[in-house]
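Chemist: What follows is each chain in one-letter form.
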Amino acid sequence: MTGDERTGFLYPFIDADERDSTALLADLAASAEAKAAASRALRTATIEREGDALRATAGAMAERFAAGGRLFTFGNGGSATDALAMAALFSRPPEGVALPARCLVEDQAVLTAVANDVGFDVVFSRQLIAHAEPGDIALGISTSGTSRNVLVAFAEARSRGLLTIGLAGYGGGDMTTSDTVDHCLVVHSDSVHRTQESQAVLAFELWRAVQTLVGAPS
Amino acid sequence: MHLTVASSLGLDDVDRRIVAPPDRGGESLELGGLAHDLAAASLVMARRFAAGATMWCVSPAWPAHGRHVAVEFVHPVIVGKRALPSVFVDTDDVVADLRVLVRPGDVVLAVAAAGEPGVAAAMRRGPAWGATTVWVGAGARPDVAAADHVLWVDDGTGLAPWSGRFVLLYHLLWELTHVCFEHPGLLRDGAADACAEEACITCSDEGRLAEVCASPSAGEARVRTATGVETADVSLVEPVSPGDLVLLHAGSAITRVPG
Numbered sequence: 005m006t007g008d009e010r011t012g013f014l015y016p017f018i019d020a021d022e023r024d025s026t027a028l029l030a031d032l033a034a035s036a037e038a039k040a041a042a043s044r045a046l047r048t049a050t051i052e053r054e055g056d057a058l059r060a061t062a063g064a065m066a067e068r069f070a071a072g073g074r075l076f077t078f079g080n081g082g083s084a085t086d087a088l089a090m091a092a093l094f095s096r097p098p099e100g101v102a103l104p105a106r107c108l109v110e111d112q113a114v115l116t117a118v119a120n121d122v123g124f125d126v127v128f129s130r131q132l133i134a135h136a137e138p139g140d141i142a143l144g145i146s147t148s149g150t151s152r153n154v155l156v157a158f159a160e161a162r163s164r165g166l167l168t169i170g171l172a173g174y175g176g177g178d179m180t181t182s183d184t185v186d187h188c189l190v191v192h193s194d195s196v197h198r199t200q201e202s203q204a205v206l207a208f209e210l211w212r213a214v215q216t217l218v219g220a221p222s
Numbered sequence: 184m185h186l187t188v189a190s191s192l193g194l195d196d197v198d199r200r201i202v203a204p205p206d207r208g209g210e211s212l213e214l215g216g217l218a219h220d221l222a223a224a225s226l227v228m229a230r231r232f233a234a235g236a237t238m239w240c241v242s243p244a245w246p247a248h249g250r251h252v253a254v255e256f257v258h259p260v261i262v263g264k265r266a267l268p269s270v271f272v273d274t275d276d277v278v279a280d281l282r283v284l285v286r287p288g289d290v291v292l293a294v295a296a297a298g299e300p301g302v303a304a305a306m307r308r309g310p311a312w313g314a315t316t317v318w319v320g321a322g323a324r325p326d327v328a329a330a331d332h333v334l335w336v337d338d339g340t341g342l343a344p345w346s347g348r349f350v351l352l353y354h355l356l357w358e359l360t361h362v363c364f365e366h367p368g369l370l371r372d373g374a375a376d377a378c379a380e381e382a383c384i385t386c387s388d389e390g391r392l393a394e395v396c397a398s399p400s401a402g403e404a405r406v407r408t409a410t411g412v413e414t415a416d417v418s419l420v421e422p423v424s425p426g427d428l429v430l431l432h433a434g435s436a437i438t439r440v441p442g
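Heads up: the protein sequence lines correspond to chains A and B, in order. Going by our numbering, the first residue of the first sequence is number 5, and it counts up by one from there. Going by our numbering, the first residue of the second sequence is number 184, and it counts up by one from there.
Rather than coming from a laboratory, the hints here were simulated on the basis of the structure. Treat the hints with caution; some may be incorrect.
Chain A is faced by these chain B residues, among others (derived, beta-carbon under 7 angstroms) [to be verified]:
id, residue
1, His-219
2, Leu-221
3, Val-257
4, Val-350
5, Val-440
In this text, all values refer to a predicted model and were calculated from it rather than measured experimentally. For each residue, glycine too, the CB sits at the ideal point set by N, CA and C.
The shape of chain B in the complex, shown without the other chains:
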């Protein structure tokens, strides 16, 4: 490779969109609706950590971001803040690795574009694994239901993964999570929750997501749900293979769910 060097830099050339994005609607709101999304996600994450969760971080295209999130939580830069179990999972098969690592009550956090296939598949399995899912990204948004918490940067630059925008976002997530620890009354299971994260009994009765573990005999399968592994009647949705997603109702798989 041979490169040439331009003689001078026309530099008033700093990217103003990145350094000082324009004010939105006269207010200098940096985050807009994202501030509320961050607040809701951090309260749920604090609750999960308080209950013993491990946070599993994946970022197939931008591993530096996934690593930064993990080290931020496990070894805080502010002395005296508690170390929270958080792990970066360096993997070429997100679903296969998370499937064995994640336990009910854990958190899965991805830093990835909406089109990242392994991440989308892992996020979809969150309810079957009993995991809370958080998806950090930028650009085209995933479906609003793609994860429990979709924290999306919409700064109009298309450069958020490189410009430092993600770093700000996950720093805020860490800072807010630790603020929540100062409110022990709100960390207990069943605490009143304005963001309606807790599953209601009525809804969970209507259908639970399950992932097929094995189908040893016709009409029957061992399936994994948020509450553990159980045997389900799969005669309505056969044939099923390990890894397939189905909706369970009263012990029977009533429909397949795209995985």
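Same shape as in the complex, but just chain A:
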């Protein structure tokens, strides 16, 4: 008998002979509830802490939209998909007024062309150079707050007169200290998953607030 076998009873969950999934399924369900409760606590705290900033951001966005401005969103990985979702929320809303919004991760040809020819740091800023006008809005999402191409895009956007908005996690990272970000909404968590869940709620509440401020087309 080996030492492993004698102490195996101490580690039931790494037992390769485990056969009954009942206990695991109960643990999984309890774990899902606990994580969902943590997610809820974080988004409640986030909305409370960022409430004033959210109002100010929505007000500035509504003014830009009213003056004909457009929204450009961007981010990497899961934040890229959240940027896609946010652009879709503004441009094809479930209710209310459709507002011009587009996500800069959508075009693979442009992304790969810029990344291949120049570098990944400029995949978003290069598109802003081509498309952005002074009245537009640049909104970048980064759970770390440090994504280089997002920060580079903010600098480019600022130099062109765009309103710049950041959604950041991990306490904000470089985004909160960057002098090229007009409004930064921060989630204070070191979990990427919980951060993205709160960022999704921030994005949704931002959209709702903008909808409240922007009247129907006349």
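Let chain A serve as the given structure and place chain B on it in line with the hints.
Modeler: For chain B alone, coordinates are given in the frame of chain A:
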């Protein structure tokens, strides 16, 4: 388009239903029965991945969600977690694309409303393709048998696809799937399964779903089932066309199944 801006925001205006939904029955259960559905789905998904599955994600109306699921599994945000083969399928014909991509043992995951026609048709073909089907959505529910696992958000807002609720749901699915990998004994085929996902021999003998590939001559067709392509007698259900679904029993198609 000309828009006007309201002078102020009456904002105590945050949507409380979304930020902090009311407790259910005095308990602060965020998920209710969905927690158990997530647990069952994640164990089956872990088993499929352990056996070599690829997960194909579709989300015709909300592609951002399908993409998020795929990137979550293939490039985990937590260092050290294994990359699992997961692909977002960007398509205007869900059935046609999945039909050629899916191999027996794979997983098809949809993020879609119950009324999404291409998704419903693909989910229905899961048993013929040998695929495990997972359907994430909100609002009016599809039929309980519409997929192997129906993970439905019922938060009463009608806004789950936009409010972040889906993001929480598929994050949990990823997290729970990886917990299952810590239980290798439960990942093997034939491991005791409280959620009764594995097909029993008696049931599979009663009828197997098949999708018609071609019908080269009268009374006969090449059909696809969970175990591969075979020739079946279709004289009872003729005429059949490629893509039709039939129920096979002992080598014969005994009835048509709405596709």
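Chemist: For each hint, tell me whether it holds in the structure or not.
Modeler: Consistency of the hints with the structure:
1. For B:His-219, the interface hint holds, since its Cβ comes within 7 angstroms of a Cβ in chain A; the closest pair sits about 5 angstroms apart.
2. Checking B:Leu-221 against chain A by beta carbon gives a least distance of about 5 angstroms; that is within 7 angstroms, so the hint holds.
3. A least Cβ separation of about 10 angstroms between B:Val-257 and chain A goes past the 7 angstroms threshold, and the interface hint is therefore violated.
4. A distance limit of 7 angstroms between C-beta atoms decides the matter here; for B:Val-350 the minimum to chain A is near 5 angstroms, and the interface restraint holds.
5. Nearest Cβ of chain A to the Cβ of B:Val-440: about 31 angstroms, over the 7 angstroms cut. The hint is violated.
Hint check: violations occur at hints 3 and 5; the rest are consistent with the structure.
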